[in-house]
Structure formats: C-alpha cells, structure tokens
Amino acid sequence: MIDNILAGIAVVANFESILALAGGVLIGVIAGAIPGMSATMAVALTLPFTFSLGPITGILLLLGVYKGGIFGGCIPAILIKTPGTPASSATVLDGHPMAEQGESGRALGMALYASCTADLISNLALILFAGWLASFALKFGPPEFFTLILFSLTIIAGVSGASLIRGVFSASLGLLFATVGLDLVYGTNRFTMNDPNLMGGLNFIAVLIGLFAIPEILNMIWSPDKNSGQARALSSAWVSFAEYKRCFRSIIRGSFIGVFLGSIPGIGAAPAAFLSYSEAKRNSPNKANFGKGEIEGVAASEAGNNGVAGATLIPLLALGVPGDVITAIIIGAFMIHGLQPGPMMFLSNVDIIYALFVGLILSSVFLFGIGSFAIRGFRFISKIPKAVLLPSVLILCIYGCYAINNTLFDVGVMFVMGWLGFLMCRASIPAPPFLIAFILGPLFEDNFRQAMLMSNGDMTILFRSPITWFFWAVTLLTIFAISRKVRELENKPAQLAEEIE
Amino acid sequence: MSNRSLGVFCCILAAFLWFYAIPTWVSAPSNVSKVVLSPTFWPLIISVLIGLSGAYLLIAEAVQTSDDGVILEQPDSRGAGFARLGLASLAMLAFLVSVETVGLVIGSMVLFLVIAIIITQAISWRFILIAICLPIALYGFFAHVASVAIPQGEWIQLP
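Keeping their order, the protein sequence lines are chains A and B. Just so we're aligned: 474 in this note's numbering is position 474 of the first sequence, and the numbers increase by one with no gaps anywhere. Just so we're aligned: 1150 in this note's numbering is position 150 of the second sequence, and the numbers increase by one with no gaps anywhere.
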C-alpha cells in the first residue's frame, strides 16, 4: 500500500494536477455559493473542459468542483437563508439565525472548519475501504453484477423526492432512453429511426447537461425570479479554537454519519446533514438553543454533508456504481478518458486510483484555504444577476456539448433533453432517477443478457452464489423499507386530520 | 401535474410503446432462441414498468385525496410565460438551423442576447459586452487549448 501511495504522489505531484484541483475547488465554491447554481450543475458544466486534460488532471478538477460545491452551498445558506445546494438545507436552521445576530463570521468559520474536518475523515474512509471492497468485487461475474446493479437501482428511492412512483416513472424513462442505439448482442437497431447519429446511443453528457442545466434556464424564462433574499454583512468575529473543540464531538459524529450514509448508494448529503444535526441536538447540553443560532448545529450539519463527499466515491471506485448524482456525472469523466471505474481498475490502473486518493487528501487542504477567501468574497458572487448568469450557462452548455464529439447533433440532443427536463420539472417528475437509470440501464441489461447467454436462458443463474443471495436480500430489504416509508407518508395526512378533529 | 393526468399519460405511453413503437422501431432477428435474449425484451419490460406506474398513480388518485404533484411557482401571466417559452424555443431552433452558416461564435452571441432580452425584457450594454466576450473566450479555449474544431460559419473566420 505504501508503494501505491508513493506512486500516487508521483502522479499528482505536478503543477497541472495541483492547479486543476485548486481551480476545481474554487469553481465549486463559487458555483455552490450562487443560489440557482448547484454542485451538480457545476460538475456537469465543468466536465467538457476536462476533455483536453489528462485523465488524472481532468478527474481531479471535477472532484475539486464536487468538494468545493458541497461546501460553497453553506455560504448563501448562512448569509441569505437560501441553501446554495440541497445538502446545505440543515445549515440554514442555525446558520441564518447566527447571521441575524451579527455572528455570520463565526457561523461561516465553523462551517469551514467542520467541512474540512469531515472531508478529511471521509477521504481517509475512502482510502481504507475502497480497496478492500474492490478486492472482494473481483469475484463478481455477470449474475453478481446484475444483482448489484439491481440493488443500486434502489438509489432511485433516495433521489425521488416527495413521490416514489413519480421517481419510478422517471427512471423508466431513463431506462427507455438508454435503449436507443444498436442492440448489445445482435447489433440490430433500437429506436434509431435509421439515423446514424443515434446508432451509438444518446450521448451521456448531452443528456445530463440537458437535464440539469437547461431546465433552470427555461424555468427562469417561464417565471423570471425576483430577488431571493437580503445578504447579511460578514461580521468580523471569527470562530475560536475553544468553540471548535467544544463542537469537535459533533463534528466527528457527523463525519461518521456522512461516511456511513455516503457509502450507501442513493442516500445523498442532505439526509446525512439532517441526521447529523438531529443527533447533535439530541446529545448537546445546549439543545434548547438549537434552531435559534447554535454554533454546534452549524458544525454538525456541515460535518454531515461534507462527510458524504469522499464516501460516495467508495461504491464508484470499488464497484463502478455511482453513490449519487454527482458521482454519476464523474463516471462520465472516467469513460471519456477510457477508464472504467470498478474492481478491475484496482488491478489495471492502481496508480490512477492512488493518485486520486492523494488528490482528495490535498483537496481538503485547498478547501480550507480557498473556503476562507470565498467567505469574504461572497458579496461579489451573490451580486451576479440571474439574467446574466443563466444565458451564460446556456452558452457554456452549447460549447461543452459541441466539444464532446464535434457535432451539432449533441447540441440538439441537449436542447431536447432540456425541454424534457423542464416539462418533467413542471409535472413534478424528478430528474435524478432518470439520470441514474440512464447510466445503470445499459449495465443492467448487458449483465442480465450475458448471464442468460452463460446459462442458455436459465434464470437460476441469478441465484448461483452467496454474493447474489446477499444482493437479492439487501434489495428486498430496501424495497420493504421503502414501501414502509411510503405507507407511513401516505398515512400521515389521515393521522393529522384525526388529530385536528 | 395531478396523479390522474400523469397516470393516464403513463398508460397511453405504455400502450404506444407496446403496440406501436417497439414493433416498428426495434428490430429483432427471427432466429432468437430465447425470448429473454431478444432486443425487444428489455424495451417491453420498460413499457410494462411505465404502464404499472400509470396504473398505480390512477389507483392512488382513486383511493386518496392528496396529490404528489407540487405546486410550482407560476408567472404573473401564464400567457406571457408561454410566449417567452415559445420565443426561447424558436431561438434555440433558429440557432441549430443557422449555426453552420453563421458559425458557433456569432450564433452564441445572438442566442445569449435573445435569451437575456426574453428574461429581462430590456437590453443593456452589460448584456452586449458579455454576449461578445463570453463566446469569444470559449472559442479561444476550445479551439486553441482543447483543439476542438469550432464551426466558423461562412461570414467571419476567427484566428
């Protein structure tokens, strides 16, 4: 392992990689700090800029954007009560009351310290567990991968928002769009309308940029926004070491909650932040002050959401399945550079894996430095009007999409997907399940059909080993848990009505 | 969109896929030995999934009064909102059609201005400045750093 780490350091220790990582963190913090942008959109828009970079440099740039974006969301959450990313929603609870009391500097300082601590713990967890999980995954064949991806598709429950069934419909559309192109086994046409542009399938990046960036612009055109909030001035008071020490237990607890939830595909950063916050509140001697401007609340929620960032890469690197929507986009960067994340990468490209580990550790350091500057510069960032920002995003999308294959067809696909994403948004159909299914769909079908070819159509091959049994069991358990949750949510209005009566 | 409308839409989509789209647009060789290996198998499973989602939504609508649809923000005037969307779609279509003639850089400049004007219903020097600078900067990066052949069009040849 030491040899691998040294090899990783050798790969990362160059000006280009360091600059890409630092630049990525900066872009992420700025994007996360702009209400209306999100870490997902920032990663999607940065992806085309990695085409001309080397694999390590490009992926480090995206990881920097990811890490910076998750932290950056806390800045508007504290100063203008508008979370820059959904993951920062819990930070609003105590962060904004602190800002109203003239303690925004302390709140932002604690958010930064908690974020960096949690980020470091999350990265260490990734380094410790990803290799172990990958060595286990080397025993997988098509039936095992089929059951693993089936389990991974339960991610959809975590990203479906208020309605699971609408998430299932969205995922079905994603699976349907993923079938466009030549058949994997027979090479016959599927929904190509004999257009050669469609024979390779819909371009993944055009689909994701279309789904995540264009609907924001169309929503703005449909209903031009008013100002979202009044920014609070940044106070000069900064967080002290004694305060950091007092909150340290909550930060560590929140970091582990983030790591645990982040390593399970589909949970995401927002639930981790809320769980960490509620645990901190339950265990704190100042629990009565939570929600009124308690600094420990800010520390816990930021530790929870940043603890997820490194851990979501565990299933990505070890198993080749995304932990959340952003890592689903990062898979695209691996593919563009001819890399397939998964257990085989630990054998064939171990230097790249360890270079990423080293880069991730460095990103925690950059996050600390760049985050401190970003906090002070937020006033300038927040003043960018959406009428300038969103048309600029559109032009970025067009260039980025064109650059994938040097074809305007992809730009057309992006526009079509953008309108589809907008209509889905208006119809309250969540877009993330579409993207997850679009990515996992071909893998799911491919492994299923390979398993069927191996067994000559005998379905019992899907239950051939303890690994497949394990994944069937966890899938069924997850479905059971989801259906229980759905039933609880359905019963809530009735219970409320009874209580009112 | 209410559960009922979405449920009906899902059922219609599933029926369209099962009875028309898959038989017409998915080619399957006649000598496929097992149905699970056929190129049509997976799309048919997906159409069933869509149909089941639709049926669930319709049943949910019938047995409960609450709706999963979230009420999103509406423009002050729906007519104006639709007009803006119509203009934006026309601008995007015109961009796609004309880009080979006018080039990606000029096309992007015009599209930026049109979208900014649609949003703000005003024009300012700031928009014009960004509309000129941003596409040129992106052209510089993609053409000279990433070595992407950006379409120049027939009117202006950038270095």
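Treat each hint with caution, since some may be false.
Stated by the list, open to error - Here are the computed distance ranges between Cβ atoms for each label pair:
id, chain 1, residue 1, chain 2, residue 2, range
1, A, PRO196, B, GLY1079, 48 to 58 Å
2, B, PHE1009, A, SER483, 20 to 30 Å
3, B, GLN1121, A, SER52, 36 to 46 Å
4, B, ILE1012, A, ILE5, 52 to 62 Å
Think of the hints as simulated: they come from the structure by calculation, not from any bench. We put the beta carbon where it would ideally sit given N, CA and C, even for glycine.
Okay, the hints, checked on the actual structure:
no.	hint	in the structure
1	A/PRO196 to B/GLY1079: 48 to 58 Å	violated, 41 Å
2	B/PHE1009 to A/SER483: 20 to 30 Å	holds, 24 Å
3	B/GLN1121 to A/SER52: 36 to 46 Å	holds, 38 Å
4	B/ILE1012 to A/ILE5: 52 to 62 Å	holds, 57 Å
In summary, the one numbered hint that this structure violates is 1.
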